Amino acid sequence: MNKRKRKKWSARQSSKRGTVPGTPVFIGESRSEAVRIGSISYDRGDLVEKGALSLDDVHRPYRSEGVTWINVDGIHDLKVMDALGKRFGLHPLTIEDLMNTSQRPKAEVFPDYLFLVMKMMNYNDETNSVDVEHVSLILGEGYVLSFQEKEGDVFEPVRERLRASRGRLRGNGSDYLAYALMDAVVDHYFLSVERIGDVIEDMDDRLLSDPRSDDLQRIHELKRDVMTLRKAVWPLREAVGKLQKSDASFFGNDLDAFLRDLYDHTIQVIDMVESSRELLTGMHDTYLSSVSNRMNEVMKVLTVIATIFIPLTFIAGVYGMNFKYMPELDWRFSYPVVWIVMIAVGAGMVAYFRRKRWL
Amino acid sequence: MNKRKRKKWSARQSSKRGTVPGTPVFIGESRSEAVRIGSISYDRGDLVEKGALSLDDVHRPYRSEGVTWINVDGIHDLKVMDALGKRFGLHPLTIEDLMNTSQRPKAEVFPDYLFLVMKMMNYNDETNSVDVEHVSLILGEGYVLSFQEKEGDVFEPVRERLRASRGRLRGNGSDYLAYALMDAVVDHYFLSVERIGDVIEDMDDRLLSDPRSDDLQRIHELKRDVMTLRKAVWPLREAVGKLQKSDASFFGNDLDAFLRDLYDHTIQVIDMVESSRELLTGMHDTYLSSVSNRMNEVMKVLTVIATIFIPLTFIAGVYGMNFKYMPELDWRFSYPVVWIVMIAVGAGMVAYFRRKRWL
Amino acid sequence: MNKRKRKKWSARQSSKRGTVPGTPVFIGESRSEAVRIGSISYDRGDLVEKGALSLDDVHRPYRSEGVTWINVDGIHDLKVMDALGKRFGLHPLTIEDLMNTSQRPKAEVFPDYLFLVMKMMNYNDETNSVDVEHVSLILGEGYVLSFQEKEGDVFEPVRERLRASRGRLRGNGSDYLAYALMDAVVDHYFLSVERIGDVIEDMDDRLLSDPRSDDLQRIHELKRDVMTLRKAVWPLREAVGKLQKSDASFFGNDLDAFLRDLYDHTIQVIDMVESSRELLTGMHDTYLSSVSNRMNEVMKVLTVIATIFIPLTFIAGVYGMNFKYMPELDWRFSYPVVWIVMIAVGAGMVAYFRRKRWL
Amino acid sequence: MNKRKRKKWSARQSSKRGTVPGTPVFIGESRSEAVRIGSISYDRGDLVEKGALSLDDVHRPYRSEGVTWINVDGIHDLKVMDALGKRFGLHPLTIEDLMNTSQRPKAEVFPDYLFLVMKMMNYNDETNSVDVEHVSLILGEGYVLSFQEKEGDVFEPVRERLRASRGRLRGNGSDYLAYALMDAVVDHYFLSVERIGDVIEDMDDRLLSDPRSDDLQRIHELKRDVMTLRKAVWPLREAVGKLQKSDASFFGNDLDAFLRDLYDHTIQVIDMVESSRELLTGMHDTYLSSVSNRMNEVMKVLTVIATIFIPLTFIAGVYGMNFKYMPELDWRFSYPVVWIVMIAVGAGMVAYFRRKRWL
Amino acid sequence: MNKRKRKKWSARQSSKRGTVPGTPVFIGESRSEAVRIGSISYDRGDLVEKGALSLDDVHRPYRSEGVTWINVDGIHDLKVMDALGKRFGLHPLTIEDLMNTSQRPKAEVFPDYLFLVMKMMNYNDETNSVDVEHVSLILGEGYVLSFQEKEGDVFEPVRERLRASRGRLRGNGSDYLAYALMDAVVDHYFLSVERIGDVIEDMDDRLLSDPRSDDLQRIHELKRDVMTLRKAVWPLREAVGKLQKSDASFFGNDLDAFLRDLYDHTIQVIDMVESSRELLTGMHDTYLSSVSNRMNEVMKVLTVIATIFIPLTFIAGVYGMNFKYMPELDWRFSYPVVWIVMIAVGAGMVAYFRRKRWL
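As given, the protein sequences belong to chains A, B, C, D and E, one line each in that order. Residue numbers are given in numbering that gives the first Met the number 0: position 209 of the first sequence equals residue 208, and the series is strictly consecutive. Residue numbers are given in numbering that gives the first Met the number 0: position 213 of the second sequence equals residue 212, and the series is strictly consecutive. Residue numbers are given in numbering that gives the first Met the number 0: position 275 of the third sequence equals residue 274, and the series is strictly consecutive. Residue numbers are given in numbering that gives the first Met the number 0: position 63 of the fourth sequence equals residue 62, and the series is strictly consecutive. Residue numbers are given in numbering that gives the first Met the number 0: position 286 of the fifth sequence equals residue 285, and the series is strictly consecutive.
Just so you know, these hints were derived from the structure itself, not from any lab. All values reported here derive from a predicted model rather than from experimental measurement. A hint or two may mislead.
Since the list can't tell identical chains apart, any single copy or any two copies may satisfy a pair.
Each computed SDA-like pair below joins lysine to any residue, with the alpha-carbon atoms no more than 20 Å apart [claimed, not checked]:
#, residue 1, residue 2
1, K85, D253
2, K355, D263
3, K355, S212
4, K85, R167
5, K222, R276
6, K105, S248
7, K49, G151
8, K355, M298
9, K299, R356
10, K355, L206
11, K323, F352
12, K78, R35
13, K355, L207
14, K323, I339
15, K323, M341
16, K241, R229
17, K230, E273
18, K355, N292
19, K85, A256
20, K241, S173
All chains should be modelled from the sequences, with the hints used to inform the complete structure.
Listed below in structure tokens is the structure:
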């Protein structure tokens, strides 16, 4: 399961080899579901929500006021993407990146719009691994486009707030909406990191006392999950930092504090990810030394047992010799004396080993 | 114990997921104590100290001269925080950070005030771990607000000095007070690092001669404590550096040397923390090689014992054979001769092993 | 095979020692094939393709419009290179670098042309190693020169697109052609990284359950392949970054987005390479601990067997003693009783070891 | 011994906790010797040297020409330090740093003077450890103050040169004197690094052939010594670099080449320190693998001995069986034949093990 | 041998302790050979070569055209160096650095001349180590001074080219000559790295199949050689980079491409050095795991042998017991049956171990 995921994000790029640069090709797990397009248009007063739009209903909004958010579930259909690209004046390379699930997070400023690539993270409790989904945002004047691989997202709370007219959302422009969506994605990272952190801590507590044979495998898998998160957050941090400094005025000045806060959150996620990595590295060492400790203990006990009996066997061997003239053999109490000697030797060795703390 | 602490600083963030950004939610261990607000107002001449203020008594000071320091113990009560936020004109994101115990140290300049997040550190001798407390400062014109999770802090010496009219404190503005509070927090870091350093050195001295089975666990715990300190000081250093360079004039020029000194101190704490980390890494190696050394010694001795007796047992076995025609069996002095041979072989092997320094 | 490759890129440089700097000398595996020169001239309307040009047919194009792409297969013939250098006004150091297969990737701006060194990568499924080929581009006004070590390249798709008049290629200048060639090289890196990635994953899945004795060797070889890729991509990233920032106007402004995309791709290759490295490092550890685990298991089982039989042998030895007065020897049921005792001791030890999970 | 040292530099800082910032408190090993103040005043012509000055004799020099160097041995007496501070117009934080032996090296520019903290290093052949002493310089117009913990310093050669009127010293200003003192301190670092380097090399040569049980401890101690040096030189390098770039004109332009030279020397010390560290890390590995090699050799030989005798014992055991019908027992030459067989088996095994190079 | 070398470059610095800064003292292996001075003066037309000049014949050239190259073999004679220093107007610190063989590579711009310190490297096939020689260049207007420790250098090819009037050398100024000398030194680095690389590869191929006991020592020595190279090239890279950027016009603009090429070469040497380092680190690991593998194999085989015979010895022991009532003893075919049982048990165990791949 975990493997499938890894491949999705990093491989397949080669399938594009040989095509014209800027030729959009879907890179990712092949899908056949129909593309679903939904939209929410709102201003301070009204909100109109439409589900399952046909491609013909989607236009670049020309309303002077209000914000339109168009969400596209499914990015594998070239025809749909091309049509959207044309209507919203997207650069061919943008469409290429929209459809390329192996594209790393970034922010790019085009004359007409701001293009943002992110990764949505979800810790899957069933497979015990992190699911990654490719999400892109287009922020233009008065509209936001969001693209996802499949239905089901982390944007639901934002929709709720829009509908409920809660918070600042309704009274602000498309830039604030884009910020809210980015914030929703980053907030979700915390959940993933924390879930992984919990798994790590549960394991860590058990590791020294009771190492299991599949723990090493599990630690490696967790390391990969953490790496996946890291690879999603690091470039996002960079992208958000770029947005902060960018001269292009896609984000109003009143959003400065919010972008700064978002940037802060990405740093915090990175901090937590780094802590997890260090913990995992420590656990790897702990596991190895714990396993080798147990092994050593076993070998020590076994060797002690052998060491105690080998001299005793020698004594028995001595009196098993068949010499004609062995005075002890004829003595009356030789046998019990030998037993006493053997017990004394054995007990003495056990005592010695105890005292030396070898047993 | 240690674990609870770690969780507090890094986890729980997810409980905020889905809320509007800038919505203050308390993130940390849930508390039920009432919030306690105290204030000290002073100028060069007078000092008025009030304890257990009710929320209604707290106002933004409008006195043209003098400094007001309001200290809030308890940050979990949203109502109180909201009310304070309104009266002092705090940005919603500031209130959010005030209440978020997992927020990392930082300095943020707002038009009206300077916002500072720090971590108070305390080495707890009972649990042998570092207690972390979330502390925030708001520095405005003529006032300083300080927020803590619970009563009992490192600010007592500052209060003492204020009351005693000692030092520069009374004659300077709110910026100097804020500096004094930051200095008190950083000074306390030294104590924690030194306490950890003492524990490390005590352990280090014993480790090579007498490694104990729980030492590894202890080393890991100390590493985490050191990491906790590191995570508190690194961003604080950055924050102080930012204050030094910042154009915003919350700190007067006459404080330059003091901020530089504070910055120096954070670097020194980091130096000490890094030294501790290296020591701990070295101790980890020492422990492992010390354990493996002991194990090897044990195995060597045991194997030597076995190796000495196995040839002797063979000799005894030879004369335990039942052949009819074994001339030695009938000889008169075979038995003592065999004993002599066996003793000679045994002694020879011991001598050889001694000479080779295997025993 | 692998070794030959490594040498090619890094060694042989010394053969140049003592010559005048800027004296072109071929550095690489000696070759004897004739140099093959081909050219494609095109504008939006026409395309003329010529194969196997003689040196006399190659001129710096003076057509005001259209682009000429001259591809040279074989860089070992000093005479040919010198002649080309003169006709296209190349700096002696450029010719030296063109012929030096150990030259690392770079971009250099000369007054008249832009000089680009790259490495072509090909994962060879037969030798299971990465083949490296030295490729250089010269971008001048209206022409592009490409130099390769031998026939067979990654530029075929670009030629196809030129012939088919597909994409932007035909309608753009020589800068776009140069970009398309660079893009073809970088796109091919993905293929190599992915092939290596597949080999790594296949191995990783098997490693814990069934480590083979040549795995370590294989891991080392893969590490070297990954290093080879890394050494090709890192400086290329730098070179592309330089092109982006360069004031020299060899690349038109309309290519900015494309260069940015190319830069992005190099970063992505580096990301994948770094992931592969980390995986390989992890696999190295896994292999070692897996091998040592198996060994430990074997030793444990063997030691357990010995430990069970040594006490039993001692018991047998006791009743092999020849004392005259050993009451047990004469008892009627001594023999079966001893058997029972021995079986009980053996079974007891097995049970104990089982319970302790040593067996 | 070594431990005492470490503590001195890094601990004790906490004793200052709770005091007003800028309150000078002596931090270091408590001392009771009286403070000794000496001075040398000179210009190109004359030199006046005074020893054991009383506090009242020390004044800020007002001579328009010439240089006064005041050296203070002993920094633990608050009264003395305070008085000096007042007479030379030192900032309270400067006095605090003068008395704080745990202060790290730094350079600070004050309006009136330049403040420099350094560490004097001395490899103590008796304790085999590095002694650290806290040294501070104050460079003002026409005077230099130097502060040390105790008598006996590395400045003697500078004094000699002053008295002998050798070199550039007498003809230059106070800035050159300060440079000469810094140079004397840095020059002394070379001696310490070289002494440690000698110890390391002696040990390294012996380590592979004859590892001793206390070598690991010694390596750790050397690592600490090297770390101590590193912690003294790194910040000093920074400080010297700062002096070079500083606009403040405490150092004349004619000293540029000298400061650059000093900077170079600090880099060279760092280079040597880093080499020593790498050597020590390598030695640590060498020691461990050397110890484990020896252990393995021992175990191998012992196991070979046991392995040779166990089959022989089995053969003897076979003919020790008491079956009635064992034809071999009655044969005439069974016994010598068995001996021959046993010797053949033993010799065969030895030969086999030899050929396999196990013995 | 190797050790002597190391000492030369890093130690001895202390012998200068206590002298006036800028006092030239020879630091290096003491020598007694006479200093040999040779000169070559040339312009495009003529070339005059003089060997074994006396000190009186050496003057700063005042010819308006042409270049004079004065080469000094032997830098230990203070009188000679001082005289040269005076005639060419060298700064005292320059003379100090000229004579200090432990000086690290650097470039320093003085008003009148450019000063360059380099290290000449030579892989000595006899001692299997790298010989280091301290080389300095002084580039002034119309002249170049080169200083070496002893006769025999890497400059011979440059001399040849000068005499043969080959290449650009004769027609260019002193800056080009300085460049050519630097290029000769760097070109020689390639030879050393490649020689070391060959040694490494030969060893690497053998290491897994046939590790020898002195391989570890050899790997350590190679690591040191590589480190020596690294310490020579890193600062040289920096120095060349500084020359490129320097405003001082010691190098004409027409040399830009050549300096860039030289810079490139230093980077390439560093790349090769880093590759060698990684290879050596990998070989260290390979060696250790290869040794431990062999040891494990031996122990496993030995333990298997013991494990097979111990149960058989037990069976023989059982029938060596002297009980009166042991029915088997009297049976007719007991003895052969026991043999069959023992052979079956032994063969069964061998088969089992084989199947488990323990043997």
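*Any hints from earlier that this structure breaks? Give me their numbers in increasing order, please.*
2, 11
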